[in-house]
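Enquirer: Starting from the structure of chain A, add chain E where the hints point.
Protein chains: 2
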Amino acid sequence: MAKAPVLTPQADDFPRWYQDLINKAELADNGPVRGTMIIRPYGYGLWERMQQEMDARIKAAGAQNAYFPLFIPQSYLTKEAEHVEGFAPELAVVTHGGGKELEEPVVVRPTSETIINASFSKWVQSYRDLPLLINQWANVVRWEMRPRVFLRTTEFLWQEGHTAHATYEDARDYAAYIHKEVYEDFMVNVLGIDVLLGRKTPRERFAGAVNTLTLEGMMGDGKALQMGTSHELGQNFAKAFNTQYLSKDGRQELVWQTSWGSSTRMVGGLIMSHGDDSGLRVPPRLAPVQAVVLAIKDDEAVLAKVREIGDRLSAAGVRVQVDDRTDTPFGRRAVDWELKGVPVRIEVGPRDLENGTAMLARRIPGGKEPVALDALAGLLPTLLEEDQALLLEQSRERRESRTSDVATIEQAVEAATAGGWARIPWADLGEEGEARLAEHSVTVRCLVAEDGSVPGSDDAPGNVAVVARAY
Amino acid sequence: MAKAPVLTPQADDFPRWYQDLINKAELADNGPVRGTMIIRPYGYGLWERMQQEMDARIKAAGAQNAYFPLFIPQSYLTKEAEHVEGFAPELAVVTHGGGKELEEPVVVRPTSETIINASFSKWVQSYRDLPLLINQWANVVRWEMRPRVFLRTTEFLWQEGHTAHATYEDARDYAAYIHKEVYEDFMVNVLGIDVLLGRKTPRERFAGAVNTLTLEGMMGDGKALQMGTSHELGQNFAKAFNTQYLSKDGRQELVWQTSWGSSTRMVGGLIMSHGDDSGLRVPPRLAPVQAVVLAIKDDEAVLAKVREIGDRLSAAGVRVQVDDRTDTPFGRRAVDWELKGVPVRIEVGPRDLENGTAMLARRIPGGKEPVALDALAGLLPTLLEEDQALLLEQSRERRESRTSDVATIEQAVEAATAGGWARIPWADLGEEGEARLAEHSVTVRCLVAEDGSVPGSDDAPGNVAVVARAY
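Residue numbers (my numbering), protein chains in the order written: chain A, 74 to 544; chain E, 74 to 544.
One thing to keep in mind: the hints can contain errors.
Copies of the same chain look alike in the list, so a pair counts if it works inside one copy or between any two.
[Said to hold, decoys possible] Straight-line C-alpha distance at most 25 Å; calculated DMTMM-like pairs for lysine to aspartate or glutamate: (1) Lys152 with Glu174; (2) Lys253 with Glu174; (3) Lys152 with Asp102; (4) Lys195 with Glu99; (5) Lys378 with Asp349; (6) Lys195 with Glu411; (7) Lys132 with Asp447; (8) Lys195 with Glu326; (9) Lys132 with Glu121.
Just so you know, the hints here were simulated from the structure itself, not pulled from any lab data.
Extracted from the complex, chain A is given alone in its bound form (with noise of 0.2 Å):
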C-alpha cells in the first residue's frame, strides 16, 4: 500500500497544497479575528531573515528608519482625493478609547502616506534638509474580504519607504533605484525567484501614484504575485499636506515624492515558487537553518558527535541545527525538516560513526548519499551555493517555458487560464482590452519595454503588456 502523501499534491489542489504546508510545516495559524494570521517561530524565522536583508539594502540605499503611529486621524486620509478613494473600502476604524466615544474616530493605518507627510511638511524646510529618505517596519491593516494567509492578510507585516526629493528627476530615479538594488537585488540573490520588473497600467496603479513600479513572481501554478511596488508619487501628497523646500535660490517649492513597500506576501511567494509535493524548499542565503545535524537514535558517541558537526558546520559558517529530540521517532522528524525545507540534513547513527561518515540529504535538487565526517564543514558553503543557484534557475525556467507571446485578447484569456503569462503588445491591448480582461480575472501585470527594460512612460512605443491571473 502506498503510503498517504503528507500534503495534497500540487496538481490535485494547488491552494490545498499552500494551505496544507503551511499547516503541516508550522508557519502559520490562522487569528481568531477574521483574516489575521498568527506568524509561528519557524514562518517568523524566515520573516526575520527578509527583514536582515532586506534592512542591509535599505540602509545601504541612504534610508534611515523611523516609526510613526499606527492611529490617524480620519481627516488626514481625505486629503489626498485618489488616496482615500483607494483605501476607504479596506479602512478598520477605532471608535472608543480609554471608555469612551471619541470626538474624531481613528482609522488604523493602512499605510502611512498621509501620517508620514504631515511630518514631513514639518521637518522639510530647507533644500539641505533633501532628499529626506525614511523607512518604517510595521504592521499595516486592511480589512480582506477573502484572506488568505501571507497572501492577504487583514493585518500584515512590511516595510515602508517614504522619500522627499528637490527635483522629480530625482524623485523618480530613487523610486527606481530602490526597485533595482534593494528589491530585485533581495529577490533574485536571496529568494531565488525571477522577478518580472514592470510598470504599472494607470488602472493597476498605487492609489496616489503616478506611476508604479512592481515585480512579478511566477508562482509554481503559473499564476503571478506581485512581489513588491515603488511608487513615484509625484507632488500628491505634497500638494494635499503643503510640504515645501526653500530652494538654493529662495522660492518655496513643492518636494517630489515616492514610497515603496514590501510585506509578509513575500513569505507567500516564497512558498509558491520553491515549495514541491514534500513542503517548503529554501534558498540557502535566505534560511534560518541551513543545515540540521540529526541524531538517529539516543547514544552517547552519536550524541556527541551531532554536537561536534554542529560547532564546526557553525564554524565554518553555516547556520546550524542540532535535532538531538530522539524522544520522537526519527522519520517524523526527517520529515518534519523536509517539510520546512531545511537545505540540507546530515544524518548520523551508530553505523555512520563506524564507517565514519554521514548520511547526507539534499533537499533541493534532492538525493541522499554518504559523506565523510571530515569533509562535512568542506563541503557544505558549495553545496548550499549550489542549491541556491539551482532553485533560481528552476524560477527562470518556469517562467520563460510557461510565457508566451499572444496576439489576441481571447489567447490571452486562454493562456492565463491554462497557467501561464502572455505577452501582448500595449498598443492592442489598451484600457479598453484590459477591461475586458479583468471579466475572466486576467490583469495586465506589468508593462515592459521592448527590450525587456522597465517602460519610462505607459504609452511608449513597443510597450508590452505581460498578463496573468494573480493572487
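Expert: Then chain E, alone, in the frame of chain A:
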C-alpha cells in the same frame, strides 16, 4: 551677555528639560492622535540598538520570536477576571471594518496574554512541547490620559515574552532568569543604569500575575522609573484558556506560565538617567554612533582626512559617522552632536592637519584635547569603555547617595518628595501604609530582601520596601 542655554536647565524644571531634549535632539515628536508619538530616526536608532542587544539575549535564553495579531476579540480579554479589570479602562476598540459595523468589536492589543494563550492551548499537547518559549516584538495600545513621550504613550513598541512550563518551579526560575540574564544584564552592562531588582507588592502587580519582578531605575531628579517586568502568571491564564499537557505519567495537567516585557519607555529612562544640561549622553555600548568625525571647514584636504579617519575607526570596530556638512556652521553641528549625546567628537580643521592632530571632545566625562591622528584608532576603544564605566558609576552613586533608610511613613513621604528613594521595613509599612503613601503620590517601587536580593515572597521576614515617586 551669557548665551541662552540650549535646554531648560534640569535644576529649573526637569520635565521641561526632558521635553526640550527630546525636541532639540530630534528623538521624537507628538503624533496627531492624542498620546501617540513619532519616533524620529535618531530616537529610533537608539531603540534599534536596544532591540539588537535584547534580542540576542532573549534568543540566548532559548526563546523564539513569533507574531500574534494586533486585533483581539473582546471576549478573549474577559476570560481572565483580574486581567480584564486591569486593562478595560485603557482599551482602544475597533467597531467598524471594511465599511461595516463589526458583529463583535475587536480590541487593539494592550498586551498579548489572551491571544497567545488561545494558541498555546492548541500548540501544547505533551510534556515534549514544554517549555514553550516565545517572544514577540510588537506595538501595543493603552489609552493614556496623561501622555508623556517615551514614558507613557497610547501606542508603544515593546517586546513581550510568553512561556509555558510543566512545573511551577520551572516557570518561577525562568521568570527570574529573564529578570537577571536578559533585563538586568542589558540595563546594567549596556544602558549603564544601576537598576534595582525587586518584587512588586500585590497592589502593584501585573493584572493576572501571581508575582511580578521589576527593575527600577533612579532618574536624574531622584524619581523612579520601572524599566521592565517579569511575571509569574501561575495557572491563571492556563485555567482561563484550558492550556493543558499530557504529562510523562499520562495525566492532563495545566501549564505554568510567565510573561515579561520591556518597551520604548527604556529610551525615556536612558534620557533621564544620563542626560545633562547640554543634552543626552549615550553609553558607548548602546550608541548607534559612538564617534563622529567633523570637518570644520570645506577644504579638500580636511574632507579627505575626515573620511580617512572614518574608515580607520570603522575598521577598528568603532561605530562612526562622518559629518562633512560644511554648508551648516561648525558650531551648530557641534552643539547638535552634543545634544544627541554621541560619546566622542573628532574635529578636524586645516590647522589640525598641519599639526598632524585632531581635536578630541568627550561628551561623557567632558573635556577636549588634541590627539595625534595616528593614535586615534588605537585610543578610541579604550576611551569608550571608560565612558561606559563612568556612566554606570554615576548612576550607582546617584542611587546610593539619594537612598535613605527611614522608620516612619512621614519620613518616607518626605524623602520621596525631596527627590529620593526611601527604604522602610515592609513589616512596618504593610498594605495599609502603602495606601497612605499613595495619597502623596508615593508608591512602593519594590520589595527587596535583607541581603539585597529579590524576595521569594511578599512577607518574608526582613523584606524592605523601597518607596519613591515614579514616572
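Enquirer: Which earlier hints can't be squared with this structure?
Expert: 2, 5, 7
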